[in-house]
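There are 2 protein chains.
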Amino acid sequence: LSLANIQELDDADVLAGYRSLFSLPPNTIYLDGNSLGAMPIGVTSRIKNTLEKEWSQDLILSWNTNNWIDLPLNVGEKIAPLIGASSGQVICTDTTSVNLFKLLATAMKLKPDRHEILSQIDNFPTDLYMAQGLAGMFPDNRLSVHTCTEDEISNTLSTDTLVLMLTHTNFRTGKIHDMKALTRLAHEKGALVIWDLSHSTGAMPIHLDACGVDMAVGCGYKYLNGGPGAPAFLYLTRSLQNKVSQPLSGWMGHEKPFDFNPLYDPGKGMRQYLCGTPSVLAMAGLDAALDIFATVDLQQIQSKSQQLGDLFISLVSQAHLDLNLISPTDGRLRGSQVSFTHPEGYSIMQALIAKGVIGDFREPDIMRFGFAPLYIRYADVEAAVTTMKNVIEEKAYFAPQYQMKNQVT
Amino acid sequence: LSLANIQELDDADVLAGYRSLFSLPPNTIYLDGNSLGAMPIGVTSRIKNTLEKEWSQDLILSWNTNNWIDLPLNVGEKIAPLIGASSGQVICTDTTSVNLFKLLATAMKLKPDRHEILSQIDNFPTDLYMAQGLAGMFPDNRLSVHTCTEDEISNTLSTDTLVLMLTHTNFRTGKIHDMKALTRLAHEKGALVIWDLSHSTGAMPIHLDACGVDMAVGCGYKYLNGGPGAPAFLYLTRSLQNKVSQPLSGWMGHEKPFDFNPLYDPGKGMRQYLCGTPSVLAMAGLDAALDIFATVDLQQIQSKSQQLGDLFISLVSQAHLDLNLISPTDGRLRGSQVSFTHPEGYSIMQALIAKGVIGDFREPDIMRFGFAPLYIRYADVEAAVTTMKNVIEEKAYFAPQYQMKNQVT
Chain L
358 LSLANIQELD DADVLAGYRS LFSLPPNTIY LDGNSLGAMP IGVTSRIKNT LEKEWSQDLI
418 LSWNTNNWID LPLNVGEKIA PLIGASSGQV ICTDTTSVNL FKLLATAMKL KPDRHEILSQ
478 IDNFPTDLYM AQGLAGMFPD NRLSVHTCTE DEISNTLSTD TLVLMLTHTN FRTGKIHDMK
538 ALTRLAHEKG ALVIWDLSHS TGAMPIHLDA CGVDMAVGCG YKYLNGGPGA PAFLYLTRSL
598 QNKVSQPLSG WMGHEKPFDF NPLYDPGKGM RQYLCGTPSV LAMAGLDAAL DIFATVDLQQ
658 IQSKSQQLGD LFISLVSQAH LDLNLISPTD GRLRGSQVSF THPEGYSIMQ ALIAKGVIGD
718 FREPDIMRFG FAPLYIRYAD VEAAVTTMKN VIEEKAYFAP QYQMKNQVT
Chain F
358 LSLANIQELD DADVLAGYRS LFSLPPNTIY LDGNSLGAMP IGVTSRIKNT LEKEWSQDLI
418 LSWNTNNWID LPLNVGEKIA PLIGASSGQV ICTDTTSVNL FKLLATAMKL KPDRHEILSQ
478 IDNFPTDLYM AQGLAGMFPD NRLSVHTCTE DEISNTLSTD TLVLMLTHTN FRTGKIHDMK
538 ALTRLAHEKG ALVIWDLSHS TGAMPIHLDA CGVDMAVGCG YKYLNGGPGA PAFLYLTRSL
598 QNKVSQPLSG WMGHEKPFDF NPLYDPGKGM RQYLCGTPSV LAMAGLDAAL DIFATVDLQQ
658 IQSKSQQLGD LFISLVSQAH LDLNLISPTD GRLRGSQVSF THPEGYSIMQ ALIAKGVIGD
718 FREPDIMRFG FAPLYIRYAD VEAAVTTMKN VIEEKAYFAP QYQMKNQVT
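As they're listed, the protein sequences go chains L and F.
Using the numbering used here, the first residue of the first sequence is number 358, and each one after it goes up by one.
Using the numbering used here, the first residue of the second sequence is number 358, and each one after it goes up by one.
Only chain L is shown next, with the shape it has when bound in the complex (with noise of 0.2 angstroms):
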């Protein structure tokens, strides 16, 4: 591929016009939408009008008058369509861990004589914190969490599992699993199935309701690019809806909260997933973030992913670089990231930083480089492989500042 090439696949992106929806530093490419979703313009006007006119100016009336009582469940529609749920099935609020624990527990609730929670050795560690938060609480036998690779899912199915939760894109590698294959095996076993979509919602289609999914949870933080530590989104399927109760039962999931009164008598539908009041301002953020998806077609996102992420893995080959790559090569089975492993991973993505290119780094070798396609371009790619290239022939990463591990993220 030459660059003329790669400036004929910018022009012919149907989504190139979509950049200039985000604000993003000059003499930067960003490729870790996948941690940190970029900022859309629009979010700081929204910010601003809830700042200065809903809470400064309107202040206590704006429970009613600007509708933040709200708030969780219509954010909760726009995500819907972006994972393929019909209206009244999924609910905005919380963190992704949080949200989890409320479904895990309603597994438990709704399949009193199972026991085991199965997922997958290598699931994004929350989930199976989560899992193991929930476990301890009883004593010995009456919950247990298991994991397995994602090969022996399968065989360790059994009538024991109260429900299989699995990530559907790896955090690490990016690989997507069957969702309905796998939600299939667990029914077969009587399980349910909880999918956590956090590194999938935004980059691709998704069907939950086709796929026949019991349960999901998400992030909003990453490609719904609803800002740092934006509110979570937990999906329950219609037919379980009026058989479910959760433990984090907080007076805004109460039916009628306003009257205080002293026992809790769960909201209808969603509504009693929701638990404390949630922050107006972190999930206006959200919801001002989520008009980009308005128009956007899924399907032309999942296809520009792929292109970016394959054209990633060419120009790294081609360049003879010496990274093991650990993602799929076939970008079907690959979420909008290209993960590389090499024995300096942590060196080489700090001297890529320190040169305008962000990715991240995963324990022990792992380097991450997401593709967000709304504003991630072809001549982006290309330009963060030859200055990685660069990194790694001039052995810039074993400048000192650069081996000394302090980043978090």
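Please keep in mind that the hints were generated in silico from the structure rather than gathered at the bench.
A hint or two may mislead.
Since the list gives no way to pick out one identical chain from another, each pair is judged satisfied if it fits inside one copy or across any two copies.
What the hints assert, rightly or not - Capping the alpha-carbon separation at 35 angstroms, the derived lysine-lysine pairs in DSBU-like fashion look like this: (1) K600 to K712; (2) K625 to K466; (3) K466 to K600; (4) K746 to K405; (5) K600 to K468; (6) K466 to K435; (7) K532 to K613; (8) K762 to K600; (9) K466 to K613; (10) K405 to K625; (11) K746 to K435; (12) K613 to K746; (13) K410 to K537; (14) K712 to K405; (15) K435 to K537; (16) K613 to K600; (17) K613 to K712; (18) K762 to K468; (19) K712 to K410; (20) K712 to K466; (21) K410 to K600; (22) K712 to K537; (23) K435 to K762; (24) K435 to K410; (25) K762 to K546; (26) K762 to K405; (27) K405 to K466; (28) K532 to K410.
None of the values given here were measured: they were computed from a predicted structure.
Place chain F on chain L using the hints.
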């Protein structure tokens, strides 16, 4: 009291200068800072910087370079002196409801042979709901929630009481509990105590360490003015910190979150009370709001709050408005709010709001008026009573638009 006297009170007010630090709407007397604090002007520039510099330009690197990662601990340290806590015992995270759940579950681990959460029947309902949610996770008899009146607490505490869970300032009446006496009473029975400080923090001095309190939670968006749904805080006394675990064990509470190990290892000290990724935007707002308290004397806040409330009660009494006071007349027993009941309380409050005097209504017949001493003037109190006198004497509240219940706050 004449208008001239009231002007003298404002002229002599040592806190008068703080009002200019808030953005308040014109022609409005805001007496609901006990529900949602007014916006400190400093919040806007801080949020603007968080959006336009930290998120937009520094992106993922902000977790290090702008120290997002330590915000929960740093904001906790700012709250600590407001609640009488020495360093290392407070963290800012999640919601009051979620934090209560963490602490109640912690208490279960600390005292596994005790089975009862004791609380007050008119505690803020979310506290009761969270306790009910926790109890509902276990088979009968493992954990129950018992409620009694304030007078019955002493006789209801037993050797089976796991934890006495109380709200320091009653959300309906504004009555303040004797924290020291009740904490001692609970400890004499071998029970733990959890204080909900939501309606106290920022309105009066609180002495958690000196009262020997085990655990506490509180709200960021009332007298702390952190913004709608601002993050909450959690206190755990130092002597218990090495003995505890909590079940909402998300990745941010891990000892080494960025090692991404599959097994949870709780962070040291308060960090293990973090769960998922917190909203940086929401916490930055609270952080900026707390700057106001760096120079303020909580004793002066409490004194002014008592005087504002005393003035309000006195003027209402002089006006012969046929309102029934349900708050303590003794200012030392009263938080920064005054509540009256009236059969037409809902409609009167709506009429007041339409005339620019904003308080709130609580079922079945309670009108609440909050007096946040940092931005409420004595003249505001006088004007509010004059408006209320007009509304009631003219029976303006019978207008159809004030009779139709539609408010949610």
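Each hint, compared with the structure:
| no. | hint | result |
| --- | --- | --- |
| 1 | K600 to K712 | neither (54 angstroms within a copy, 46 angstroms between copies) |
| 2 | K625 to K466 | both (18 angstroms within a copy, 33 angstroms between copies) |
| 3 | K466 to K600 | both (9 angstroms within a copy, 30 angstroms between copies) |
| 4 | K746 to K405 | neither (42 angstroms within a copy, 37 angstroms between copies) |
| 5 | K600 to K468 | both (11 angstroms within a copy, 33 angstroms between copies) |
| 6 | K466 to K435 | within (29 angstroms within a copy, 40 angstroms between copies) |
| 7 | K532 to K613 | between (43 angstroms within a copy, 25 angstroms between copies) |
| 8 | K762 to K600 | between (49 angstroms within a copy, 31 angstroms between copies) |
| 9 | K466 to K613 | both (23 angstroms within a copy, 32 angstroms between copies) |
| 10 | K405 to K625 | within (33 angstroms within a copy, 37 angstroms between copies) |
| 11 | K746 to K435 | neither (41 angstroms within a copy, 46 angstroms between copies) |
| 12 | K613 to K746 | between (61 angstroms within a copy, 31 angstroms between copies) |
| 13 | K410 to K537 | neither (45 angstroms within a copy, 42 angstroms between copies) |
| 14 | K712 to K405 | both (33 angstroms within a copy, 27 angstroms between copies) |
| 15 | K435 to K537 | within (23 angstroms within a copy, 49 angstroms between copies) |
| 16 | K613 to K600 | within (19 angstroms within a copy, 38 angstroms between copies) |
| 17 | K613 to K712 | between (55 angstroms within a copy, 28 angstroms between copies) |
| 18 | K762 to K468 | neither (45 angstroms within a copy, 41 angstroms between copies) |
| 19 | K712 to K410 | between (41 angstroms within a copy, 19 angstroms between copies) |
| 20 | K712 to K466 | neither (52 angstroms within a copy, 50 angstroms between copies) |
| 21 | K410 to K600 | neither (41 angstroms within a copy, 46 angstroms between copies) |
| 22 | K712 to K537 | neither (42 angstroms within a copy, 58 angstroms between copies) |
| 23 | K435 to K762 | between (40 angstroms within a copy, 29 angstroms between copies) |
| 24 | K435 to K410 | both (23 angstroms within a copy, 27 angstroms between copies) |
| 25 | K762 to K546 | neither (45 angstroms within a copy, 50 angstroms between copies) |
| 26 | K762 to K405 | between (37 angstroms within a copy, 30 angstroms between copies) |
| 27 | K405 to K466 | neither (43 angstroms within a copy, 44 angstroms between copies) |
| 28 | K532 to K410 | between (44 angstroms within a copy, 33 angstroms between copies) |
The structure fails to meet hints 1, 4, 11, 13, 18, 20, 21, 22, 25, 27 from the earlier list, while all remaining hints are met.
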